[in-house]
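What follows is each chain in one-letter form.
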Amino acid sequence: MTTITMAQALNAALRDAMEDDERVLMFGEDVGQLGGVFRITDGLTAKFGEDRCFDTPLAESGIVGFAVGMAMGGFRPVVEMQFDAFAYPAFEQIASHVAKMRNRTRGRVTLPMVIRVPYGGGIGGVEHHSDSSEAYYAHTPGLKVVTPATVEDAYSLLREAIEDPDPVVFLEPKKLYWSKASVDLPVRGEPFGRAVVRRPGGDATVVAYGPSVPVALEAAEAAAEEGWDLEVIDLRTIVPFDDATVAASVRRTGRCVVVAEAAGFAGVGAEIAARVQERCFHSLLAPVLRVTGFDVPYPPPMVEHRHLPDVERILDVLERLQRDDEPDVRYLPEAGAA
Amino acid sequence: MSDRRRDTRPEALLPSKRPVRFLTDTGAPARGKPAYPEPAPELLRRAYRHMVVGRRFDSQATALTKQGRLAVYPSSKGQEACQVGGVLALDEGDWLFPTYRDTVALVTRGVDPVEALSLLRGDAHCGYDPYQYQVAPQCTPLATQTLHAAGLAYAERRKGTGRVALVCVGDGATSEGDFHEALNFAAVFKAPVVFFVQNNRYAISVPLERQTAAPSLAYKGIGYGVRSEQVDGNDAVAVLAVLAEAVRHARSGAGPFLVEAHTYRMEPHTNADDASRYREEKETERWRQRDPIARLEAYLKRRGLLTDEEVASVAAEAEEFADRVRTAMNADPRVEPLELFDHVYGTRTPQLEEQRELLEAELKAEEALT
Numbered sequence: 001m002t003t004i005t006m007a008q009a010l011n012a013a014l015r016d017a018m019e020d021d022e023r024v025l026m027f028g029e030d031v032g033q034l035g036g037v038f039r040i041t042d043g044l045t046a047k048f049g050e051d052r053c054f055d056t057p058l059a060e061s062g063i064v065g066f067a068v069g070m071a072m073g074g075f076r077p078v079v080e081m082q083f084d085a086f087a088y089p090a091f092e093q094i095a096s097h098v099a100k101m102r103n104r105t106r107g108r109v110t111l112p113m114v115i116r117v118p119y120g121g122g123i124g125g126v127e128h129h130s131d132s133s134e135a136y137y138a139h140t141p142g143l144k145v146v147t148p149a150t151v152e153d154a155y156s157l158l159r160e161a162i163e164d165p166d167p168v169v170f171l172e173p174k175k176l177y178w179s180k181a182s183v184d185l186p187v188r189g190e191p192f193g194r195a196v197v198r199r200p201g202g203d204a205t206v207v208a209y210g211p212s213v214p215v216a217l218e219a220a221e222a223a224a225e226e227g228w229d230l231e232v233i234d235l236r237t238i239v240p241f242d243d244a245t246v247a248a249s250v251r252r253t254g255r256c257v258v259v260a261e262a263a264g265f266a267g268v269g270a271e272i273a274a275r276v277q278e279r280c281f282h283s284l285l286a287p288v289l290r291v292t293g294f295d296v297p298y299p300p301p302m303v304e305h306r307h308l309p310d311v312e313r314i315l316d317v318l319e320r321l322q323r324d325d326e327p328d329v330r331y332l333p334e335a336g337a338a
Numbered sequence: 001m002s003d004r005r006r007d008t009r010p011e012a013l014l015p016s017k018r019p020v021r022f023l024t025d026t027g028a029p030a031r032g033k034p035a036y037p038e039p040a041p042e043l044l045r046r047a048y049r050h051m052v053v054g055r056r057f058d059s060q061a062t063a064l065t066k067q068g069r070l071a072v073y074p075s076s077k078g079q080e081a082c083q084v085g086g087v088l089a090l091d092e093g094d095w096l097f098p099t100y101r102d103t104v105a106l107v108t109r110g111v112d113p114v115e116a117l118s119l120l121r122g123d124a125h126c127g128y129d130p131y132q133y134q135v136a137p138q139c140t141p142l143a144t145q146t147l148h149a150a151g152l153a154y155a156e157r158r159k160g161t162g163r164v165a166l167v168c169v170g171d172g173a174t175s176e177g178d179f180h181e182a183l184n185f186a187a188v189f190k191a192p193v194v195f196f197v198q199n200n201r202y203a204i205s206v207p208l209e210r211q212t213a214a215p216s217l218a219y220k221g222i223g224y225g226v227r228s229e230q231v232d233g234n235d236a237v238a239v240l241a242v243l244a245e246a247v248r249h250a251r252s253g254a255g256p257f258l259v260e261a262h263t264y265r266m267e268p269h270t271n272a273d274d275a276s277r278y279r280e281e282k283e284t285e286r287w288r289q290r291d292p293i294a295r296l297e298a299y300l301k302r303r304g305l306l307t308d309e310e311v312a313s314v315a316a317e318a319e320e321f322a323d324r325v326r327t328a329m330n331a332d333p334r335v336e337p338l339e340l341f342d343h344v345y346g347t348r349t350p351q352l353e354e355q356r357e358l359l360e361a362e363l364k365a366e367e368a369l370t
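Chains as they are written, first to last, in UniProt numbering: chain A, 1 to 338; chain S, 1 to 370.
Derived from the structure by calculation, the hints contain no laboratory data. Here the structure is a predicted model, which is why all the values come from computation and not from measurement. Here a beta-carbon is modelled for each residue, glycine too, at the ideal position from N, C-alpha and C. Treat the hints loosely; a few may be bogus.
[Said to hold, decoys possible] Examples of chain S residues toward chain A, derived with CB under 8 Å:
| id | residue |
| --- | --- |
| 1 | Q67 |
| 2 | G162 |
| 3 | L208 |
| 4 | W287 |
[Stated by the list, open to error] Far from chain S, by Cβ distances over 10 Å, these chain A residues were calculated:
| id | residue |
| --- | --- |
| 5 | G65 |
| 6 | N103 |
| 7 | R104 |
| 8 | P186 |
| 9 | V196 |
| 10 | E221 |
| 11 | A244 |
[As the list claims (entries may be wrong)] If you want the footprint, here are the derived chain S segments under chain A, 3+ residues with CB under 8 Å:
| id | stretch |
| --- | --- |
| 12 | 133-142 |
| 13 | 341-355 |
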């Protein structure tokens, strides 16, 4: 076992995928000589040459559209968007072509390609460097949307994304790039579409993904001191979504909290809450609650800690889970609340 | 022209000052010697036949909208030299990246006309197999397919197949960012792709003057290091001559080539559009005098390459083709609602399985009622 960071695991996944399949290419901005601004592609150009890992002009729509053509031509491109918010120029290519090519050609043209996007906050990034953009992609049928929370999953899920016959938006939680674990590579975990219970518990289910998973786990440890035995689920893949694992857990615990960094309104957290109540209503002992970022543009770095879901905010919300059959007074009819 | 490829002066990238033409408006040989070799007589005769058939197909498709057989049809009447020239410039293994207005190009390429019209009939987004004809799905978003063509051409170059891609765009699409990103990517990666701009002077209602202040659209190449040319798009001889050089240039490994063809959309944007709201009939009339089919026909006859009998036989072939299209399109297409779930992903997700079951139950219940 060696101790490596998530960034190193991602790098190893790319290297091993390129080693195993010469159709796999890596390209984007600064991914060549420099090795990417987060060094995820470090050493790939040196090892595989300019033809396999290369810099492109600085144009995100161009990068994704070019990858579409290369995938049509038989390659398996992996492209890097430098930051979450810098991927927006590529949105038309992603929504109108990447997501739809298989569908519009009735399965005749498929696009095995991966769009890697470093995403989320918590690293002190200035404006436009900290967005949680998963809902845009998850709302687009035809895309698979994946986000690792552990070092092992970073390797395993990226390998699977590259081997997948469909396009994958691979969201890398920036603030976990430097998280460490002892891992024996190559490691392969559960396949796409399987959530994993990271901490078993009986009192309530906390559903999280990507950067929120370690926060949820930390909150669960703190909650244990207050007598709460929380189960923490790591979704791993937002699309395909693992209804079965989530619903089975909530039916058992009767309570559910969803944790996500993104703005809550119309977000992935809202979708999870809706799916849980549709499937688990008769087992629920309390409303399904969300702990998310505020509905504000991502804040400047000096106040981002006030925005991101943290342990305290998760612990606070537990009080509203009606453990003592006390309803949340704010939402009683006589309170006249919305 | 092969020596020009080695000309590294920036000026060598610029288009001719005036559109290249071989023919006058009436089909006589134009004055001055064009800088491109004239296409072989057999190619010109083939082009003529495809243009006549293509125009008849186009009017048949417009008629099908009136009968409710097509949801919509964007006519390319008047652009036949481009529709046909763009296809005949390619070898069998080369790729064509068409827009929604390039259906005549599709049938020229040999795509089954019913398959070609699926998008506009509304029974499928793309009715043909792109790999069967080396024709990408007709693209409705503007200019997005230029990047796909650049990427695919680069893939072919990497594989060493010698294949090129030709991508069609209109004048409006040259204002889109993807057009510029594609020129840039193609040039940087020396992708063997020909950008073929059919400048028909209108993007729905917006005239060329509102798209660009450039001397002409072909001048957009030099900023990216892309060799460019402009051509009289209603002169089939010139279109074929210039595209032959563009394809040769791309195939030789010298990188992309941009061709602007000056042409005119004789019909409204689609059957649902009213062109009288934004252009004068006398303008359309002026372009009618430069009709690409009449010009080529006059030229071929003048050179003794086409007889009256052949003109009649081509016209008869066009009628037969239109008949076949009409008959085939009069049959109701079969749509399978459950197929909705088949091609979202390689394997249906559990959610799609559930939704498929829901629709299947609805269909069964409906069937039981009838």
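Structure-based check of each hint:
Nearest Cβ of chain A to the Cβ of Q67 of chain S: about 26 Å, over the 8 Å cut. The hint is violated. The interface hint given for G162 of chain S is broken, as the beta carbon of that residue sits about 13 Å from the closest beta carbon of chain A, more than 8 Å. Because the closest C-beta pair between L208 of chain S and chain A is about 24 Å apart, greater than 8 Å, the hint is violated. Contact between W287 of chain S and chain A, as hinted, is not supported at the beta carbon level, the nearest pair being about 33 Å apart and thus beyond 8 Å.
G65 of chain A, annotated as away from the interface, has a beta carbon of chain S within 10 Å; the closest lies near 3 Å. Non-interface call for N103 of chain A relative to chain S: violated, since the shortest CB-CB distance, roughly 5 Å, does not exceed 10 Å. The beta carbon of R104 of chain A is not kept farther than 10 Å from every beta carbon of chain S, the shortest such distance being approximately 4 Å. Every CB of chain S is more than 10 Å from the CB of P186 of chain A (nearest about 23 Å), matching its label as outside the interface.
No Cβ of chain S approaches the Cβ of V196 of chain A within 10 Å, the least distance being about 17 Å, so the stated non-interface status holds. For E221 of chain A, the shortest C-beta to C-beta distance to chain S comes to about 32 Å, beyond the 10 Å cut-off, and the non-interface label holds. Chain S draws A244 of chain A into its interface by the beta-carbon criterion, the shortest separation being 7 Å against a cut-off of 10 Å. For the stretch 133-142 of chain S, the stated coverage by chain A is satisfied: 3 residues place a CB nearer than 8 Å to a CB of that chain, which reaches the threshold of 3.
Given a C-beta distance limit of less than 8 Å, the hint that chain A covers the stretch 341-355 of chain S holds, as 8 residues qualify and 3 suffice.
In summary, the numbered hints that this structure violates are 1, 2, 3, 4, 5, 6, 7, 11.
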